[in-house]
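A.B. asks: The numbering of the sequence shown is numbering that gives the first Met the number 0, which starts it at 0 and goes up by one.
Just so you know, not all the hints are guaranteed correct.
[To be verified] Label pairs and their calculated CB-CB ranges:
hint	residue 1	residue 2	range
1	Trp479	Ile72	40 to 50 angstroms
2	Ser214	Met549	22 to 32 angstroms
3	Leu432	Leu523	25 to 35 angstroms
4	Trp220	Val257	11 to 21 angstroms
5	Leu522	Leu227	54 to 64 angstroms
6	Ser214	Lys35	45 to 55 angstroms
7	Val76	Met549	42 to 52 angstroms
8	Leu224	Leu523	40 to 50 angstroms
9	Ser243	Cys436	35 to 45 angstroms
10	Phe546	Ala231	23 to 33 angstroms
11	Pro556	Gly65	41 to 51 angstroms
[Said to hold, decoys possible] Simulated crosslink set (DSS-like; lysine-lysine; CA at most 30 angstroms straight-line):
hint	residue 1	residue 2
12	Lys35	Lys422
13	Lys35	Lys315
14	Lys422	Lys246
15	Lys103	Lys35
16	Lys35	Lys322
17	Lys422	Lys315
18	Lys35	Lys246
19	Lys524	Lys61
20	Lys529	Lys35
21	Lys315	Lys239
22	Lys315	Lys246
23	Lys503	Lys322
24	Lys103	Lys524
25	Lys503	Lys103
26	Lys239	Lys322
27	Lys103	Lys529
28	Lys239	Lys103
29	Lys103	Lys322
30	Lys503	Lys315
31	Lys422	Lys239
32	Lys61	Lys529
33	Lys422	Lys503
34	Lys562	Lys503
Worth flagging that the hints you see were computed from the coordinates, not collected in a lab. Fair warning: this is a prediction, and the values are worked out from it, not measured in the lab. Just so you know, even glycine gets a beta-carbon here, dropped at the ideal spot from N, CA and C.
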Amino acid sequence: MNNPLADRCYSRQLGGWKRSASLTSRVKERGQWDSKMEFILTVAGAIIGLGNIWRFPYLCYKNGGGAFFIPYILYLVTCGIPLFILETALGQYTSQGGITCWRKICPLFEGLGYAAQVITIYGCMTYIVILAWAFHYLFSSFTVDLPWANCNNDWNTVLFLFHQTRGHCSKKYNLCPHVQMQTVIHFILVTKCFAVSTFSPHRRRVLRISDGIESLGGIRWELALCLLLSWAICYFCIWKGVRSTGKAACFTATFPYVMLLVLFVRGVTLPGAIDGIFYYMYPNATRLVWMDAGTQVFFSYAICLGYLTSLGSYNKYNNNCYKDSFYLCLLNSGTSFLSGFAIFSILGYMAGEQGVDISMVAESGPGLVFIVYPQAVSLLPCPQFWAVCFFTMIILLGLDSQFVGLESLMTSVTDVYPNVLRKGHRRELLLLLICCCCCLVGLIMVTEGGLYIIQLFDHYVCSGATLLLLSICQSFSIGWIYGAERFCDNIEDMIGYRPSSLVKYCWLYITPTMCTGTFVFSLLKYSPLKFNNIYVYPWWAYGLGWFLAMSSLSLIPLTMVYKLYRGQGTFWHVSQMTFPGSGLGCNRGWDVTCHPLQVKDYTTCNCNNLLLPAQPC
Numbered sequence: 000m001n002n003p004l005a006d007r008c009y010s011r012q013l014g015g016w017k018r019s020a021s022l023t024s025r026v027k028e029r030g031q032w033d034s035k036m037e038f039i040l041t042v043a044g045a046i047i048g049l050g051n052i053w054r055f056p057y058l059c060y061k062n063g064g065g066a067f068f069i070p071y072i073l074y075l076v077t078c079g080i081p082l083f084i085l086e087t088a089l090g091q092y093t094s095q096g097g098i099t100c101w102r103k104i105c106p107l108f109e110g111l112g113y114a115a116q117v118i119t120i121y122g123c124m125t126y127i128v129i130l131a132w133a134f135h136y137l138f139s140s141f142t143v144d145l146p147w148a149n150c151n152n153d154w155n156t157v158l159f160l161f162h163q164t165r166g167h168c169s170k171k172y173n174l175c176p177h178v179q180m181q182t183v184i185h186f187i188l189v190t191k192c193f194a195v196s197t198f199s200p201h202r203r204r205v206l207r208i209s210d211g212i213e214s215l216g217g218i219r220w221e222l223a224l225c226l227l228l229s230w231a232i233c234y235f236c237i238w239k240g241v242r243s244t245g246k247a248a249c250f251t252a253t254f255p256y257v258m259l260l261v262l263f264v265r266g267v268t269l270p271g272a273i274d275g276i277f278y279y280m281y282p283n284a285t286r287l288v289w290m291d292a293g294t295q296v297f298f299s300y301a302i303c304l305g306y307l308t309s310l311g312s313y314n315k316y317n318n319n320c321y322k323d324s325f326y327l328c329l330l331n332s333g334t335s336f337l338s339g340f341a342i343f344s345i346l347g348y349m350a351g352e353q354g355v356d357i358s359m360v361a362e363s364g365p366g367l368v369f370i371v372y373p374q375a376v377s378l379l380p381c382p383q384f385w386a387v388c389f390f391t392m393i394i395l396l397g398l399d400s401q402f403v404g405l406e407s408l409m410t411s412v413t414d415v416y417p418n419v420l421r422k423g424h425r426r427e428l429l430l431l432l433i434c435c436c437c438c439l440v441g442l443i444m445v446t447e448g449g450l451y452i453i454q455l456f457d458h459y460v461c462s463g464a465t466l467l468l469l470s471i472c473q474s475f476s477i478g479w480i481y482g483a484e485r486f487c488d489n490i491e492d493m494i495g496y497r498p499s500s501l502v503k504y505c506w507l508y509i510t511p512t513m514c515t516g517t518f519v520f521s522l523l524k525y526s527p528l529k530f531n532n533i534y535v536y537p538w539w540a541y542g543l544g545w546f547l548a549m550s551s552l553s554l555i556p557l558t559m560v561y562k563l564y565r566g567q568g569t570f571w572h573v574s575q576m577t578f579p580g581s582g583l584g585c586n587r588g589w590d591v592t593c594h595p596l597q598v599k600d601y602t603t604c605n606c607n608n609l610l611l612p613a614q615p616c
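Work out the full structure, taking the sequences as your base and the hints as a guide.
C.D. replies: What follows is the structure in structure tokens.
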């Protein structure tokens with residue numbers, strides 16, 4: 000018996016099969032991963048970075064050792080993994096980058112993609128400066144005597160003395176037994192005249208840090224050349240698109256593990272290593288800060304930056320992105336856990352050699368990488384070798400995160416203008432333009448006051464409340480607007496089975512609740528940003544920070560207003576901007592629900608997985 004609605008659905012399905020041929024050619028033009036391993040290694044390179052080395056171990060020690068794993072795992076299960084799966088599956092299902100994926104799924108929330116790309120640009124301009132520092136230290140390691148291993152340099156002060164010569168230096172300068180010194184990150188009360196010469200080269204020779212953001216000073220040309228080198232390497236790693244990115248990640252994502260394993264084995268065999276590991280793991284619930292656990296999960300999983308969506312968009316449609324996401328999350332957290340042993344075992348040795356408590360040498364962030372750890376490796380036999388190993392690992396960890404961010408940005412922009420940027424060498428020229436512009440802006444951050452600028456970008460844009468708000472909007476748009484049940488259907492369409500109900504309920508309830516609670520708590524605990532917990536920024540610097548934050552977040556409501564203003568027709572037609580656009584479901588030849596033999600209720604038609612009344616079909 001003929002049914003007109005069924006005929007329309009069947010014709011629509013045939014049209015979808017015809018369009019699938021053009022889709023295939025478009026995918027070939029767009030590119031795909033040569034192998035699943037390239038996808039795994041590239042994502043691993045994106046999410047496993049400097050935060051695993053310099054942030055997680057210190058937070059674990061600071062927040063009660065083993066007790067820190069309780070809130071960390073809770074945030075990981077309720078926020079980190081569900082959002083990781085959401086973004087990866089979103090990219091794979093739509094085969095689109097971080098902007099156009101929202102145009103396909105929920106056009107009204109396309110601003111989420113624009114906001115994420117703005118944050119990505121800011122992050123690329125900021126964190127590549129750390130690579131410049133690392134290159135500078137790497138080149139300085141190829142010397143007979145490490146520059147930070149003695150106090151015989153013209154840029155040393157009498158306060159920065161190496162422990163092996165502390166007796167001579169103390170006698171020479173008649174130092175008192177209690178010296179208070181300032182590092183880049185914290186004030187440390189030193190109870191013995193031992194070496195903290197590492198601060199001297201980092202501040203006085205490498206950074207030459209000024210007295211405040213008002214005094215930017217001149218450009219540090221040594222760092223500027225290292226910055227140029229970093230941008231050049233990033234450009235040539237991704238200039239040919241996903242294929243060159245995947246090949247580069249095969250090295251940059253694996254070699255740091257070799258270095259980390261070498262440092263781990265060397266660290267745990269040192270005297271005093273067990274004391275450092277004890278401090279790292281000893282549970283103390285009284286020091287537990289749940290906020291730190293939540294921010295660490297968002298910081299280390301590259302959530303809401305568009306990375307995962309863009310990288311997932313190059314997968315084959317039936318790739319098991321659900322299982323891949325679990326493996327990658329396990330790898331990320333496992334790397335953080337292992338790096339804690341490698342770092343704190345050597346810090347335990349360092350504390351024992353200098354006769355101080357480990358709390359005197361434990362640092363977080365750049366203070367650990369460029370102050371404490373260089374001094375620790377200088378205490379080892381053949382310190383040049385260990386310094387080269389360490390800074391090579393730091394460079395590769397930062398490098399793959401950097402060029403994956405650039406690849407994500409290029410993917411998103413290219414998918415917005417495919418007919419323009421996929422012709423000739425236009426993509427390569429656009430990438431070159433972006434790299435040159437970011438490098439020029441980055442020169443501000445290698446001035447004598449550049450560290451103040453970096454902290455503004457890091458605090459207001461690249462972490463904290465900004466990512467929490469994007470997470471809330473992202474969970475709401477998929478869980479409630481597009482529909483968590485529908486998205487589970489899409490994942491089942493790709494991999495053959497539905498994701499866990501826990502993941503669905505996280506998208507609907509748990510993740511937005513946890514993110515909202517963390518965001519509100521951060522507002523209640525808000526205090527103005529201070530550099531080194533001492534220097535108070537001027538009012539205009541705080542205004543600049545909030546402007547940077549709003550320059551990304553404001554794109555979400557502005558895009559909504561623009562789309563509603565441009566919408567034509569009745570309210571019913573305008574409301575369709577909350578539903579998926581064309582090009583999903585049937586046109587892949589996977590959605591069997593459109594086939595007339597499978598349509599059981601012809602009063603509805605979900606040819607594009609719209610689950611709308613029959614009128615749209």
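A.B. asks: Mind listing which of the numbered hints don't hold for this structure, in increasing order?
C.D. replies: 1, 3, 4, 5, 7, 9, 20, 24, 27, 33
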